[in-house]
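> This is what each chain is made of:
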Amino acid sequence: MSGFPDYYSEGVDMDGDGFIDAQVISMNYDTNGDYIVDMTATGIDYDLDGVVDNFLYSADVDMDGIFDTVAFQSDYNGDGTIDYYSEMRMIDTDGDFISDTLVFSEDLNNDNVFETVELYEGSDLDTFLNQESLIDIFNNEMEFDGGETVEGNFDPDSQSIDYDTLVGTPGDDMQHWEYQGYSGPCALYAQMFAYEELTGNECDINELIEVATENGWYTGGGTSMEDMDKILEHLGLETDLTYGNDIDDIINVLEKGGKVVVAVDGDEVWYDDNDTMFTPNNPNHAIEVIGIDYSSGEPMVILNDSGSPDGQGSMIPQDQFVDAWQDSNCLMVEAYL
Amino acid sequence: METKLTMQEFLKLLNNSETVRKLVPLGLGMGLPMLNIVGDTLCVTVPYYKSVPRKDDKTLIFPTENIIIAKWPTGNILEFRSLRYDKEYQKIDFDKPVGTFRHEAVKQWNRGEYQKKKLELYCMYDTFISSLFSDELYTGEEDFSKLLGMIMEPSLRPFYKKIGREFYNKFVPA
Numbered sequence: 001m002s003g004f005p006d007y008y009s010e011g012v013d014m015d016g017d018g019f020i021d022a023q024v025i026s027m028n029y030d031t032n033g034d035y036i037v038d039m040t041a042t043g044i045d046y047d048l049d050g051v052v053d054n055f056l057y058s059a060d061v062d063m064d065g066i067f068d069t070v071a072f073q074s075d076y077n078g079d080g081t082i083d084y085y086s087e088m089r090m091i092d093t094d095g096d097f098i099s100d101t102l103v104f105s106e107d108l109n110n111d112n113v114f115e116t117v118e119l120y121e122g123s124d125l126d127t128f129l130n131q132e133s134l135i136d137i138f139n140n141e142m143e144f145d146g147g148e149t150v151e152g153n154f155d156p157d158s159q160s161i162d163y164d165t166l167v168g169t170p171g172d173d174m175q176h177w178e179y180q181g182y183s184g185p186c187a188l189y190a191q192m193f194a195y196e197e198l199t200g201n202e203c204d205i206n207e208l209i210e211v212a213t214e215n216g217w218y219t220g221g222g223t224s225m226e227d228m229d230k231i232l233e234h235l236g237l238e239t240d241l242t243y244g245n246d247i248d249d250i251i252n253v254l255e256k257g258g259k260v261v262v263a264v265d266g267d268e269v270w271y272d273d274n275d276t277m278f279t280p281n282n283p284n285h286a287i288e289v290i291g292i293d294y295s296s297g298e299p300m301v302i303l304n305d306s307g308s309p310d311g312q313g314s315m316i317p318q319d320q321f322v323d324a325w326q327d328s329n330c331l332m333v334e335a336y337l
Numbered sequence: 001m002e003t004k005l006t007m008q009e010f011l012k013l014l015n016n017s018e019t020v021r022k023l024v025p026l027g028l029g030m031g032l033p034m035l036n037i038v039g040d041t042l043c044v045t046v047p048y049y050k051s052v053p054r055k056d057d058k059t060l061i062f063p064t065e066n067i068i069i070a071k072w073p074t075g076n077i078l079e080f081r082s083l084r085y086d087k088e089y090q091k092i093d094f095d096k097p098v099g100t101f102r103h104e105a106v107k108q109w110n111r112g113e114y115q116k117k118k119l120e121l122y123c124m125y126d127t128f129i130s131s132l133f134s135d136e137l138y139t140g141e142e143d144f145s146k147l148l149g150m151i152m153e154p155s156l157r158p159f160y161k162k163i164g165r166e167f168y169n170k171f172v173p174a
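Chains as they are written, first to last, in the working numbering: chain R, 1 to 337; chain P, 1 to 174.
Using C-beta positions, here's what the derived DEER-type ranges look like:
#, chain 1, residue 1, chain 2, residue 2, range
1, P, 135, R, 275, 38 to 44 Å
2, P, 41, R, 248, 39 to 45 Å
3, R, 210, P, 39, 43 to 49 Å
Since the hints were made in silico from the structure, they are not lab data.
The beta-carbon is built from N, C-alpha and C at its ideal position, and this holds for glycine as well.
Please take these sequences and the hints and turn them into a complete structure.
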C-alpha cells in the first residue's frame, strides 16, 4: 500500500441511550501513490470488543478516477472470522468507456468462491439501483438467517411482568441463547440451551457437533426429528420424545422444572405475517420453548430460537406457535435433571 | 386402484412417516413430487432440500439432499436415499447454496398467492393420477406443465431432471 492512509475513529451511540455502544473506523487509501484517494473503508465494531464486525469498501479498481466497486464483509457472529462477503462492481461490457452493467457477487461461506453472481443491466440496473440503496442491501445482508422478531422479545427487567401469569423461567433461560448462523445444527443448539439451563454447565457447540456426527445424530444437513434428544441423553439427562402433544403438555413440563425442545415450521415462526418473505418448502426447525406469558389477552409463547438473530427470548402468539408446531405432529422433547 | 387421497394428504402422510422422522434432517423441506409407474404401481418420488430465508428474494436454496420413493396411495416407503453419501453426487457441495427464492417466474406472487398456486398444482397432480387409474385421457397436460415449470425452482432443475428424468422430460422438457 503506497501513499497515505488517513484514518479516524469515533465512538457512536447507536441506540440513542446516551452511551457509546459502537466504534466506527474510517480510512482513505491511495493505493498507487498518485496522491489521489482510490479506496475508502469504513468499519464498525458493534460490540466494542476491539474487532471490527462489518467493513464497507469503495474502490476505483480501473483507476479512471471513478469509484466503481463497493464491497461489504461481515463477521456476523463475532468470532473474528469473516462469514459473508459481497461485492458490487460496475463494468463496461460494450467498450464505450461507460460502465453499463453491475455485477453483484456473494461469497456466503468465506471460501473465496462466489456462490451467487447476478448481472444487472439496462432497465434492470435502473430498477436495482432505484429500488434499493447500496447501504440498504448491505444492511439486509446483516440479517443473514432466520427471522425477525414479530412480536418482540421477553424483557426480564420489565416492571410489568406478572409472575402469576408466567409459565417457566424465561428470564434465566434466555441467558443461555446463542445464534447459530445459517448452518444446520438447530436441534443441537436447542438441546445445548436446555442442558445449560438445567445443569448450569457451559457447553461448546463444536464439541456437541463432533459427538453428534460421530454417533450419526447429525449430518452437515442437520438432525432428524427422532434424534432430537440424543445429545441430552448423551449428556446424562432424562428425556422423553413424544408426538401429538398440546400446549398443556408444555405447561406441565415447564411447571415441573423440565425443559422443552420442539420441532416447528420455521417459516411460520419467523415470517408468518410477512407476505413477501417465505421459503418454497416449509422446512422444520428445532427451538426451545422457555415460557408462556398469559398476562395479556393473547397468550405469548417465549422461545430460545437459535435460527434467528433476534431469537433470544423471542415471543410469538400461541395460535401462531401451535400452527407452526403442528407441522411436526407436535413433537416435543422434555428434559429433566 | 381408485383413491380419493389427495397429493397434499399423501405428502403430509409421508412427512409424518417414521422414515422422515428418523432420516430426514430438520431444516430440509419437501420439493415437488415426481410420478413414475413401475408395473402396476404408481411410485411418487419426493426430493428434500434445505432453504434458508433471507430478505429481498434472497432466500437461499441448497441442493436436493434426500429422496424418498413411496407407493401411491399407501405412502409405504420403497426407497430412501441420502445424496450426500451417493457416489453419483460426490462432486456436489451440499452446504453451498445453488440459488435463491423467489425466482423470477414466481416473484409476483406473495405468500398467499404462492400457496394457492401450489395447491392448484397439487390438485392437477390429483386429476392426473385419477386419469391414470381410470384410463381416461388426461387433458390438463398443458396447464400442468406450465404451472409445474413456473413453480419448480430453476436452481434445482438439474437435480429434478436427474432424479425424475422421464417425468420432467415429459412435463418440463426445456
